[in-house]
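My request is simple: use the sequences and hints to build the entire structure.
Chain by chain, the residues:
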Amino acid sequence: MAEENKNSNTDENSKLIGLVAQFDDPESLVQACDQARQAGYTKTDAFSPFPVHGIDPALGIKRTILPFIVLGIAVGAVFIGLGMQWYTNGGSLGEFSTDESPVFPGYRFKISGKPYFSLPANIPVTFEVIVLSSAFATFFGMWFLNKLPMLSNPLHRISRFKRATNDKFFLMIEQADEQFDRGSTEAQLNEWGAVSIDECRRDLTDNNLPSWLRLFALMGAILLLLPPVAIFRAMGMTSRAPRLHVVPDMDWQDKSKTQTVSPIMMNDRYLFADERVMRAPVDGSVARGQLDADTELYQGIKSDYVPTVSLTTPQGSVRTGLGTQDEAETAPPAEDVSMYVTEFPKEITVDEALVKRGQVRFNIYCAACHGYAANGDGLVNQRAVALAATGKAQWTSAKSLHDATVSNAEKNPLGRIFETISNGRGTMGPYGAQIPTADRWAIVAYVKALQETGIKPVVAVSDDESGEGSEANDTDEPATTQEDKTQPTP
Amino acid sequence: MATVNPILDNTYDDAGERSPLILGGLDYAGVTDEVCGIWEADKPPKIWFVVLGAAISLLMVLGGCVGHLLMDGVGVWGNNNPAYWGWPIVNFVFWVGIGHAGTLISAILFLFRQNWRTSINRAAEAMTIFAVVCAGLFPGVHIGRVWVFYWLFPIPTEHLAMWPNFRSPLLWDVFAVSTYATVSILFWYMGMVPDIATFRDRCTSKIGKFVYGLLSLGWTGSARAWHRYEIAYTILAALATPLVLSVHTIVSFDFAVSQVPGWHTTIFPPYFVAGAIFSGFAMVVTLLVPVRKLYGLENLITIRHLENMNKIIMATGMMVGTAYGIEFFIAWYSGVPYESYAFYNRAFGNYWWAYWIMVSCNVLIPQVFWIKWCRTTPWFMVIICVFVNIGMWFERFVITITSLCRDFVPSSWAYFHPTWVDIMMLIGSFGLFFTLFTLFCRYLPVIAMAEVKGVMPRPKDH
Chain X
936 MAEENKNSNT DENSKLIGLV AQFDDPESLV QACDQARQAG YTKTDAFSPF PVHGIDPALG
996 IKRTILPFIV LGIAVGAVFI GLGMQWYTNG GSLGEFSTDE SPVFPGYRFK ISGKPYFSLP
1056 ANIPVTFEVI VLSSAFATFF GMWFLNKLPM LSNPLHRISR FKRATNDKFF LMIEQADEQF
1116 DRGSTEAQLN EWGAVSIDEC RRDLTDNNLP SWLRLFALMG AILLLLPPVA IFRAMGMTSR
1176 APRLHVVPDM DWQDKSKTQT VSPIMMNDRY LFADERVMRA PVDGSVARGQ LDADTELYQG
1236 IKSDYVPTVS LTTPQGSVRT GLGTQDEAET APPAEDVSMY VTEFPKEITV DEALVKRGQV
1296 RFNIYCAACH GYAANGDGLV NQRAVALAAT GKAQWTSAKS LHDATVSNAE KNPLGRIFET
1356 ISNGRGTMGP YGAQIPTADR WAIVAYVKAL QETGIKPVVA VSDDESGEGS EANDTDEPAT
1416 TQEDKTQPTP
Chain P
49 MATVNPILDN TYDDAGERSP LILGGLDYAG VTDEVCGIWE ADKPPKIWFV VLGAAISLLM
109 VLGGCVGHLL MDGVGVWGNN NPAYWGWPIV NFVFWVGIGH AGTLISAILF LFRQNWRTSI
169 NRAAEAMTIF AVVCAGLFPG VHIGRVWVFY WLFPIPTEHL AMWPNFRSPL LWDVFAVSTY
229 ATVSILFWYM GMVPDIATFR DRCTSKIGKF VYGLLSLGWT GSARAWHRYE IAYTILAALA
289 TPLVLSVHTI VSFDFAVSQV PGWHTTIFPP YFVAGAIFSG FAMVVTLLVP VRKLYGLENL
349 ITIRHLENMN KIIMATGMMV GTAYGIEFFI AWYSGVPYES YAFYNRAFGN YWWAYWIMVS
409 CNVLIPQVFW IKWCRTTPWF MVIICVFVNI GMWFERFVIT ITSLCRDFVP SSWAYFHPTW
469 VDIMMLIGSF GLFFTLFTLF CRYLPVIAMA EVKGVMPRPK DH
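Chain order of the listed sequences is X and P. With our numbering applied, the first sequence has no gaps in its numbers, which climb one by one up to 1425 at the end. With our numbering applied, the second sequence has no gaps in its numbers, which climb one by one up to 510 at the end.
Treat the hints as calculated values from the structure; they're not laboratory data. Please note that the accuracy of each hint is not assured.
Within a straight-line C-alpha distance of at most 25 Å, the following computed SDA-like cross-link-like pairs (lysine to any residue) qualify [as the list claims (entries may be wrong)]:
no.	chain 1	residue 1	chain 2	residue 2
1	X	Lys1097	P	Arg250
2	P	Lys341	P	Leu492
3	X	Lys1082	P	Gly502
4	X	Lys1097	P	Gly73
5	X	Lys1097	P	Leu265
6	P	Lys341	P	Trp125
7	X	Lys1045	P	Pro202
8	X	Lys1049	P	Phe201
9	X	Lys1045	P	Phe201
10	X	Lys1097	P	Glu278
11	X	Lys1190	X	Glu1210
12	X	Lys1082	P	Leu265
13	X	Lys1049	P	Val222
14	X	Lys1291	X	Ala1373
15	X	Lys1097	X	Ala1111
16	X	Lys978	P	Cys84
17	P	Lys341	P	Phe201
18	P	Lys257	X	Leu1086
Laid out in structure tokens, this is it:
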């Protein structure tokens, strides 16, 4: 019943793929399939608008391996899902924890002391990962096994075949089948009740892509690679220019920056006479916690002291901890030590609690440089001295507080130690801003207590048993071994 | 077109005979013609344009609100101390809940071999996906800087040097909802391929041939392909079933894992899932009744289909009602004063009106479905179903707002006020939903033709 090309399987324009027989209902299709299989045809396929029951055995279709593919992926997803959470949230395995990994380290969230990795909390995401990957495996695996998408198929050239997705049923016997014979196969199909038979032919004339298209596609693909490559290169390089913000989220804010001109105008004039953005407090106002009229408590200076020379320190000069040796030497030459208090101010009660408090604060703020025993061997100091030796930095050794210049109550009364802590001295920076007043006095008490223990300056220990001599402390190289042994308990 | 069948009532139950799923004596070609007729018509019915026009205007409102939100920040919402979770999460849970019916119909009813699902599953799945799109919008824009939304996912970045916190229910939500959206789309699309192939084979316009040709991936209906396809479909259904249950469970964890009184309860997961199915089915009915009327699909989406859905609505409605009761019982039985207060406050506190709207819409009103007339009369059931969805929106409102506005610290108690942006975004989200749905009705197969044909009685049986 095929209309044309009866005699040749292949001519120069087209090639015979197979014969397509139409049936009108599913039952006849199944029967025909059954007969085709019994007749020994293997390269067959049936087409129907919906899955027809019983067609699989009739055609001899083997069960697909798809479920096993999905199972494999699902099992893999268990490990991927759990592993992802374990890795990214800083899980650990023995000594190793992923937040120490050199590339893309894990990130530890400390939440109510819970473990970083615990199965119950990680089940929901693992489950979703399993479902998602299995669904992808099912979906893509099914199309892959079905060799779809296939956008060009000679079957679609048969006009009758359009009803395969509507209400008709088709059986195709391929030309590639060993049993296939143009004439006898057609006869058999007719015998099995085919309503009509068409030839399925592949058109050989136009199924090649023009050769230039391939070249263009290749070039296009390479060009498309350039932008990501450029981006990755830029990301991997250092640059002095600020990072490019695609969305400049918080770069521009509706606010005035410090040290700029105030934008607030009134009648074409600046609202504030000084035109500044930053406003000074109203005259005479005292900020909370900054009422320091009591000089004994807040400055360590006797309340009845009347300066004879203009007082540049402590309030007047700004010091930096980075000053050089020379600058330190040019500190005010004639210092009037008599202005400092020699007793603790009356607000401070000296007792064990105060000294204990002082110890804690000292260990936090001072020990880094001066050492726990205050003999000048703090870690910062050691490191800085070592660096200074190589010329990489400039550093004045942190003094041993057992040095006679420091421990001598005449030369260095209590108020002066307090002043040193508050405003710094020489190359030592000021700590007044970090340490509240009472704590500074506590530190003073602790420093005095330390000095009472009679710990010798480090170098003196090895050099000169009796020496509290200042020469020993003039050296810039404190010993490094004493720290632990000499940590005192007041 | 279809021939008219004298017996239009297939809601009778005769033990000796299965009531037909398809009426009008349609054969295979009849089904194809009826479904493709919607799309082959030169012009859709006028009302289609009206609905689309209205939906697009609302969509534009939504777009404007989102733009405003992105420019000015999330402060344009009414979320503020103590109700930091305001309408956005109410809307999110509302839409996600609606998005549960589709997958339930396609997956769970499929596994239970409920053949009646075939006429309604396509539209329900589409509805699911569009509802999930609406749901995703709210958490999507609430993150403030949406352009770095990918920080939600564990993507290795050098400059952030951080990963998501995998022990947070909010992150579980990211995974659950995105997995759900993806799997629903795969399921929906896969189910649609054979029908798109039908469109391709009937299409006459060039563009249509190209687009449907591409989308149908070269489907021929080969028996070997059908074999793998059916197995794949079953696997997807088996995957989607626990998935659909997990999604709303995880959504409920957003609340239940926290310690706010009224949220911290183990009943939340099952109760949320029941509520989701409840609202989802109500939405399916609300949509399908007009669609079947408009497109003359009465032979395919029969009264029996609608009746079955109404029965499910009534059943799940009663489950939700039971959950409301149990919550009160546990609040009393636990003896925890905060818990008891939270529930007393829900029913008789300053949000009593919301609570009683919820109870009447969700528990009382669906009871009318005991009466056969109510569950078989299309216009009437739509009214009931609209009430159900109002009730379900209020359920989420009650849970979120009443608990937050009366937390542990009385000094932070307050009354929540939504802003106009909150209100317009809720309304606008319906615009998004209906725009997508009206377009779907016009351009894609509304009914799963291949599946309907598969469960039709064979011609030879007659």
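Checked hints:
no.: 1; hint: X:Lys1097 with P:Arg250; in the structure: 7 Å, holds
no.: 2; hint: P:Lys341 with P:Leu492; in the structure: 18 Å, holds
no.: 3; hint: X:Lys1082 with P:Gly502; in the structure: 24 Å, holds
no.: 4; hint: X:Lys1097 with P:Gly73; in the structure: 23 Å, holds
no.: 5; hint: X:Lys1097 with P:Leu265; in the structure: 15 Å, holds
no.: 6; hint: P:Lys341 with P:Trp125; in the structure: 39 Å, violated
no.: 7; hint: X:Lys1045 with P:Pro202; in the structure: 18 Å, holds
no.: 8; hint: X:Lys1049 with P:Phe201; in the structure: 22 Å, holds
no.: 9; hint: X:Lys1045 with P:Phe201; in the structure: 20 Å, holds
no.: 10; hint: X:Lys1097 with P:Glu278; in the structure: 22 Å, holds
no.: 11; hint: X:Lys1190 with X:Glu1210; in the structure: 16 Å, holds
no.: 12; hint: X:Lys1082 with P:Leu265; in the structure: 10 Å, holds
no.: 13; hint: X:Lys1049 with P:Val222; in the structure: 22 Å, holds
no.: 14; hint: X:Lys1291 with X:Ala1373; in the structure: 13 Å, holds
no.: 15; hint: X:Lys1097 with X:Ala1111; in the structure: 23 Å, holds
no.: 16; hint: X:Lys978 with P:Cys84; in the structure: 33 Å, violated
no.: 17; hint: P:Lys341 with P:Phe201; in the structure: 44 Å, violated
no.: 18; hint: P:Lys257 with X:Leu1086; in the structure: 12 Å, holds
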